[in-house]
Every structure is written in C-alpha cells, then in structure tokens.
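> For reference, the chains in residue letters:
2 protein chains.
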Amino acid sequence: MLTLHHLGRSQSERIVWLCEELGLDYELKRYERRKDNRLAPPEYKALHPMGTAPIITDGDLVLGESGAIAEYLIETHGNGRLAVKRGQPGFTDYLYWFHFANGTLQPVVLQVRYLERADPSEKNAVLQAAKERFNLVFSTVEKRLGEAPYLAGKELTAADIMIVFSLTTMRLFKPYDLSPWPNILAYLQRIGARPAYQRAMQKADPDMPPVLEAKPPV
Amino acid sequence: MLTLHHLGRSQSERIVWLCEELGLDYELKRYERRKDNRLAPPEYKALHPMGTAPIITDGDLVLGESGAIAEYLIETHGNGRLAVKRGQPGFTDYLYWFHFANGTLQPVVLQVRYLERADPSEKNAVLQAAKERFNLVFSTVEKRLGEAPYLAGKELTAADIMIVFSLTTMRLFKPYDLSPWPNILAYLQRIGARPAYQRAMQKADPDMPPVLEAKPPV
Numbered sequence: 475m476l477t478l479h480h481l482g483r484s485q486s487e488r489i490v491w492l493c494e495e496l497g498l499d500y501e502l503k504r505y506e507r508r509k510d511n512r513l514a515p516p517e518y519k520a521l522h523p524m525g526t527a528p529i530i531t532d533g534d535l536v537l538g539e540s541g542a543i544a545e546y547l548i549e550t551h552g553n554g555r556l557a558v559k560r561g562q563p564g565f566t567d568y569l570y571w572f573h574f575a576n577g578t579l580q581p582v583v584l585q586v587r588y589l590e591r592a593d594p595s596e597k598n599a600v601l602q603a604a605k606e607r608f609n610l611v612f613s614t615v616e617k618r619l620g621e622a623p624y625l626a627g628k629e630l631t632a633a634d635i636m637i638v639f640s641l642t643t644m645r646l647f648k649p650y651d652l653s654p655w656p657n658i659l660a661y662l663q664r665i666g667a668r669p670a671y672q673r674a675m676q677k678a679d680p681d682m683p684p685v686l687e688a689k690p691p692v
Numbered sequence: 475m476l477t478l479h480h481l482g483r484s485q486s487e488r489i490v491w492l493c494e495e496l497g498l499d500y501e502l503k504r505y506e507r508r509k510d511n512r513l514a515p516p517e518y519k520a521l522h523p524m525g526t527a528p529i530i531t532d533g534d535l536v537l538g539e540s541g542a543i544a545e546y547l548i549e550t551h552g553n554g555r556l557a558v559k560r561g562q563p564g565f566t567d568y569l570y571w572f573h574f575a576n577g578t579l580q581p582v583v584l585q586v587r588y589l590e591r592a593d594p595s596e597k598n599a600v601l602q603a604a605k606e607r608f609n610l611v612f613s614t615v616e617k618r619l620g621e622a623p624y625l626a627g628k629e630l631t632a633a634d635i636m637i638v639f640s641l642t643t644m645r646l647f648k649p650y651d652l653s654p655w656p657n658i659l660a661y662l663q664r665i666g667a668r669p670a671y672q673r674a675m676q677k678a679d680p681d682m683p684p685v686l687e688a689k690p691p692v
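The listed protein sequences correspond, in order, to chains A and B.
Its first residue numbered 475, the first sequence is counted upward by one per residue in our numbering.
Its first residue numbered 475, the second sequence is counted upward by one per residue in our numbering.
Just chain A, same shape as in the assembly (with noise of 0.2 angstroms):
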C-alpha cells in the first residue's frame, strides 16, 4: 500500500498534488507541525533518517526527496504519465525545469529567509546578493511562463508540481510579493483551477486558503 505521509504546510503538499493529479491509489496520513517552532513533529523524524518531508512508504520502502519521490511515483505507479520522455516535444525543458526547483529557486529563497533571519540590515552584502540572484531567479521563470502556459509546454507536467510549492507555500515562511511577476501570478491561478489541486490542497492542509495571490499571507 502507498502511504504519503505529509507534514503540514510543506514540500510534501507536492506530492498531495501529484497523486491527486495522477488518480493514485493511496493513504494520506497527515502531521501537524510543532506548534513551539514550526518544526515537523517527532513521529514524522522517525519515519527517515533525514526527516525532511516529503517521505513515502510503499511496502518495505521508505523513500524521502521530493525529486525522487516524483520519478518513482510516476515510473512504478503512473505508467509514466505528467513526465516528458526523449523524442517528445518539451523533452529539455522538462528536465531543466524539474531540476530547477529543488537546484535553484527553492535554495536561494531558503537562502533569502536565513539570511533576512541571521541580519536583515541593508549593509548585510550577502543578503543583498542573494537579493539579486533571487531577481534574477524569478525573472528567469516570469520570461519562460511568457513564452507557455506551462513549464515543459503546453501541458502541465511533473516540473510544474516541483515549483509551485516554493512560489505558494513557502511564501508562509519567507513572505514575498508576486507583483512584479504577472505571468507568474496568471499561472498561479491557472494552477488554482484545476480539480486535482483543489482536491489535493484540501485534503493537505484543508485551514489553509491555497497561497496564489500576489501578496504574501500575513
């Protein structure tokens, strides 16, 4: 039996998504985080040695990564489906896209949160340049959701379930505004309308509106 097992208001919301999108068989089993500091429950460390959501159990597997979580559920249990294989059209973008995620835009906006934490001051020199490479980060993403509606092309794929967590949710950790991104912000309601997102959010955190506007939560 696949079991997803989620952390609230986490990466593993993504996975939430992939299923729903998917059509999968499978058993949620949701965490509630810590409530002294945000942090994931002792229960849900246990389950993996790294005990970073997203974790899945499958039979004897344990399985952690959001990455490879999303290869394994679409190789095993999606006949392939929501990936772009060689020869297909969007091959190159899917791969740069779904790597993307995880490589580069959910590291320098963690690295934003960190270093605003550790000193916010204007004088910070790192911040700033991690400032500008966070520009430059979703000006990169803002040109490639211009030319498609999605980002392998014209369909969603699993490189769209890798990136939207880091521009909804995590604005609930690191709050920051879409305002200057408008392809950004039409995709994001592009993403709201679709069925197996609705479900998925509801099911993954059903107190929590899906993050999609241009301001951040406050």
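Zero decoy hints are in this set.
So the derived list for chain A, only partly shown, Cβ under 10 angstroms to chain B, looks like this: (1) 560; (2) 566; (3) 571; (4) 573; (5) 574; (6) 575; (7) 588; (8) 599; (9) 618.
Anything over 12 angstroms on all C-beta distances counts as not near chain B; from chain A, calculated: (10) 496; (11) 676; (12) 687.
These are calculated hints, taken from the structure and not from any lab test.
Think of the CB as a built atom: it goes at the ideal place given N, C-alpha and C, for glycine as much as any other residue.
Given chain A, work out where chain B should sit, using these hints.
Below, chain B without anything else, positioned relative to chain A:
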C-alpha cells in the same frame, strides 16, 4: 556537436567527469573565474539566462542545471549507462541520492557558508541550526557509504557524479574538515582512483589537485 562550457572550479566539473565516464565525444570550453570576485566572467553568463555552471550546447540546444544535463546526456548520448532504471537493483537508492545531491547536500553547505559570511558569531542561532543540519546531512551520507561502496550500490552511477563536487572542490569555497566521516573519506579515495575522474579533473582544472583529503585546502 556537444560542447561543455566548464567554469573553472565549479559544479560543471561534474559534467566533465560524466562525459569521461561515458566516453563521450565532446568539446570542452574552459572559462576562468574573474580575479576580482571569483564569479563567472561575462562571456560565461551570456551563454544562458541564469548564467550558472554547468552549461552545455548541443546543436541548437542550450541547457543548464547539473541534474538536467546529467539526465539529458545519459539518455541521448550515453545509451542509459550510469543511470538505474525501474526493476534494476538500487533503483530507489539511485533516485534518492541523485536528488539529494542538489536538493539537500549542496544547499546546506551553501547555507552554512553564506551565514558564516553574514555573521560567523556563535550567538547566530540561524547559523547554529544550519550547522546542526549540516552534521545530520553528513552523518546520513556517512551511514550510506558504510552500507555500500557507491551511493546506489556496488557500482558507480550518476548519483555519485552529482554528489562528489560538494565533498571535494566545494571545500575551496566553504572549507570544512571531513575527518569525522571515515566512510566518506574512503569513498573519495575510491573516486580519486578512477581513471575517468583523473582525466576529468586534469582537463577541468589542470592547476588544481583534486580535493580528496580530510583537511580542506588552505
């Protein structure tokens, strides 16, 4: 013609190594870092919107992101070698460690580096939390390399090629000592003994000895 644009002392060494392990026919174009700030020179940044290493060109294609390039080369030029497919032993280990490299390991090394540059004092609670996470990440790699000689099992795969940069050349930028992790050190000696790794490092950075010892370069 496949051209690999290698920025000296950067993550693009992964792709030089991958090309050598696969025995590909490729052209290596090497770019020196700027002397004033150690960043990529303007002609490197001009190759791709993000301007980050690695970048390949292949006919009309311009592709960035290590993970995307590795998957692309293995699929289109490497006949699937160095990847582990569904049904083969080590499939889920391969997926996990391949994605762990840039999804978890490299970001935590960068976080510690940036936070130390912003404020290295011991009262910096954000830095202390990042250091704890750094130790958890390295302990997890150490444990894995006590179970198997390579990350996916008995043989070298692209998961190893993704991870080794953060354990070696990255220590020029964020010096850290690997003495607490004997399995990782023994692994680096196995890597350093590979003819393809030796050829790659000689081509990528002929003036730099591979960073394989416990102590970081001074």
